[in-house]
Amino acid sequence: MNARTCPSTIDRPIKHWFRTACVSILSMWCTASASGQDIVALRNASIETMGPAGRFERATIVIENGRIHSVGVDIPIPDRARIIDLSGKSVLPGFVDPYFVVDFPLGAEPTQEPRTITVRGRGFQVPQAAGTPAAFVKIADVFDPRRGDWNSALRSGITTANVVTRGYGQSVVANPWPTVRLDMTPHLAGAGHPMIVEPNGRLFTAVTNDSASLRTVRDGLAEPRPAGQGGGRRGAPGARGGGSGDEGAAGRPAQDSGGTVPANTDATPSASPSQELWKSVRAGQQPLFVNANNAAAILYVLAEVQKTPNVQLAAVASGGDWYLCLDGLASYRVTAILPPRLDTEPRNQTRVNVPKILHEAGIEFAFSLSTAQSDYRNTLPNPLFPVSILVKSGLQRTTALEALTIRPARMLGIADQVGSIEPGKRADFVVFDADPMDATAEVIQVWVGGQLIHGE
Amino acid sequence: MCGSRTLRSSFVALIVTALLSDSAGAQDAAPKPNDQLVTNKPRVAAIVGADIHTVTRGIVRNGTIIIRDGKIAEIGQRIEIPADAEQVDARGKVIVPGFIAMNMSGLGLQARGADRNERFADALNPFDTNIKFALGAGITSGCIQVAGGGGGGRRGGRAPEARFIGIDPDEEQLLAQGSAAEWDYGESLPTCPCCGLTYLPLEPIDESPQPTPQQRRQAVIKMSWGSLDGMLAKENVFFDATGGALNGSLAQYQFRQQVARAREYLKALAEHEAAVRAGQRSQPPRSPVTDDMLRLVKKEVPLRASAESVAQIRELIALARELDLRLVLDRATEAWLIADEISAAGVPVVITPRLQRTPRFGEEDRSGSFIEMPRILEEAGVSFAVAALAEAISLNGIAGRDLSSLPLEAIFAVRGGASESKALEALTIVPARLLGMDDRLGSLEVGKDADLLILDGQPMDYRAYVEVAYVNGRRVYDRREDRVLPVFERQ
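In order, the protein sequences belong to chains F and X. Residue 112 in our numbering is what sits at position 112 of the first sequence, and the numbering runs on without skipping anything. So the number in our numbering is just where the residue sits in the second sequence, counting from 1, plus 456.
A few of these clues could be false.
[Stated by the list, open to error] Partner residues aside, some chain X positions facing chain F, computed with beta carbon under 10 Å:
1. Phe583
2. Gly682
3. Asp938
[Said to hold, decoys possible] In silico DMTMM-like links for lysine to aspartate or glutamate, alpha-carbon gap of 25 Å or less:
4. F/Lys356 / X/Glu937
5. X/Lys723 / X/Asp780
6. F/Lys307 / X/Asp685
7. X/Lys527 / F/Asp327
8. F/Lys307 / X/Asp525
Please keep in mind that the hints were generated in silico from the structure rather than gathered at the bench. Using N, Cα and C, we set each Cβ at its ideal position, and we do this for glycine too.
Let's have the full structure, built from the sequences with the hints guiding it.
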């Protein structure tokens, strides 16, 4: 009981002794549930697996060691399992947010603003050099769990987040975690933080229609110049062509040899983290995540990406921006990331269901619940209210649910871990008290890694 | 031998890479075809049945225009319509070339990007709502102006109407949106503190020299809504000396010096090149002036200077003759007073027929503006383009003092006695010539860009609406669909 009330009261100024008592009870409860051998069975629930098994009614999920052991209608429940009855409730896979923006303090960030310098007592404004690209930030190095609204994210059912900043860098894949528990963790910052699932995340950048941000994309997508003829020759494709799959797919002969041949190191300086990431983006091993400032920025990025054969683009933009540049969009390799909401047509107030239009045009999309234009904080505890409106106005139910779960998981390359309820995947669930596409359905429980993080 | 093997082996590597990545991609998402790159494929269209005002080749009654690949393929009365053409019925309508604005700011461009001396090509915004307003007024292309790089003051024009400011608007974007209205009017026109509209100057023209304004960057952009292809038509259009940059003897002295230095440099450069060709060692000279100045001296671009009073006009004509430069006179309000001199000098002018300036004291017969000035210029043989009272589109075009009133200026020229054909030229072929783009814009001829308007009335009738606008052969505006202007059936 205490564990449940604690998160809501901890924000208010309360007396110290109460907090101590609360935390100690919590910690006991935590250690009990976090002990790895715990087996939990969720029974009698309607389960949207989002996997090939489809939907189950009155079914059971067995969780073991934080992973899904089995799921189905008549599956055996181990004797020592803790049984939780979810009659009348619906279970969805935990939501995956493909672009979760957090403002981390980045220290001396190079800005676009003019600097003011003082010469002999007079101040002069020195404009920043035109087209200075933003600095690359590795989120794992600046990660600070005290930033970010993790509580709201959790209560909305976001169990996996691709955590980015507003600028340019490498994301981390993290599990939102209630801040009340974070206070107890001894180490707060850094890549070793328990919230971080994957410290080496994906490449992301914000783009608008100006030279600076476009240069980031252009330089990154451009093939690095071959490091002299020697390097090119050493990248013997004969050795690689026959076999070992991963290496061959990445095959950039000049680059690979650049690392091994000392003579080349001056021509191709040892690849920085950003260069490595761009390399794998160019090879199509991971998508490029772009936050487009407006519809024109989408066009600019599409034009750049189209020059490269393998690059997969995942672009964040509002529904209105996607609506504007629909014409011919289907011919590009792009996955849209957009907030789930009804948009209005430009220059009038006619409502348009952009996700539905995108789907009908054959363009893949994923929802990002955490974007500024999404209402998820306002609609708590009904985070899927805007999605249900989209479904009511014509978007297919499965498409909508996939866009919250398995599709962003695939985009991030973590679909083997999360995104659906299948044996072997991490036990991340969102439990609703009714059908999730019922506009009044409330989130009553959120499970991450087999632990009940929110709800009772 | 060695080289060819390297080539072959890297080719094998490429194929392997392609195969592997293809098979990997096929499991996830269905790979999309790569060859349909172009967002808006140029289509073949045939517009049938309208009276076509070609501007340079007379009027074709009940004619047909074939548009292919963004260009005009055929114009005439008996034309076979190609089988693959989309046929557009325009019976009873009038077709004219798209209008060209000599002064624009704050549309189609992300002002923040262009202000910073960055490439115009990276700052375009083909989804700017103001583009639709411009198209509704008939403007299909124009000369956009932004302040020069490095803190160029507040003349960057208005940021595109930022209804969508991205998923995570930062403070800067919000501020830019907030102050956008303040940026609407560039140049020296003061704005009313309560309504924000420009005061139209009525007082006599002040001849005292003004501080030298910063040179503006200019480019020709097309109103190609929704497409970046072909939106930026030309950069380096003019050597800009508007806003009185050449007023006063000091400014003119410095300008002369610069021209002289540019000439010396070009001479030294020619000698250097000749020496290199002759096989001698030679150090290339370093340019003492800007590239803009070199283009001006090479006569690649004209000098564009504003000269309102008779004295300023005479000064500039003399200066251009002395330095052997091409000249375009901007805001030539008193040009009608010395129309014969301007005609003899062969200098084109840009005027705003609705501008009313009262005469100066003591020069009542020799100053001020006059509604009949377009007629007087026409009779003297001066070629003139018209410019609107302001450069930007404000308040969704309702104020009547902004860029969307451009066609109205030509209509006022007709009211003042100019012929309808000259007034239409002042919106089309004359500005095209001034911009150096008359090979592509300004009239309806085979081979030119398919930038045209389908009007529901006569071109110089203020009641006429633009029904449909084509830019680069693409249908970019439809009055019934876009609804930026009223839609009704006329009785």
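Against the structure, the hints come out as follows:
no., hint, in the structure
1, Phe583, "4 Å, holds"
2, Gly682, "6 Å, holds"
3, Asp938, "7 Å, holds"
4, F/Lys356 / X/Glu937, "21 Å, holds"
5, X/Lys723 / X/Asp780, "16 Å, holds"
6, F/Lys307 / X/Asp685, "15 Å, holds"
7, X/Lys527 / F/Asp327, "21 Å, holds"
8, F/Lys307 / X/Asp525, "22 Å, holds"
Going down the numbered hints, you'll see the structure goes against none, and every one checks out.
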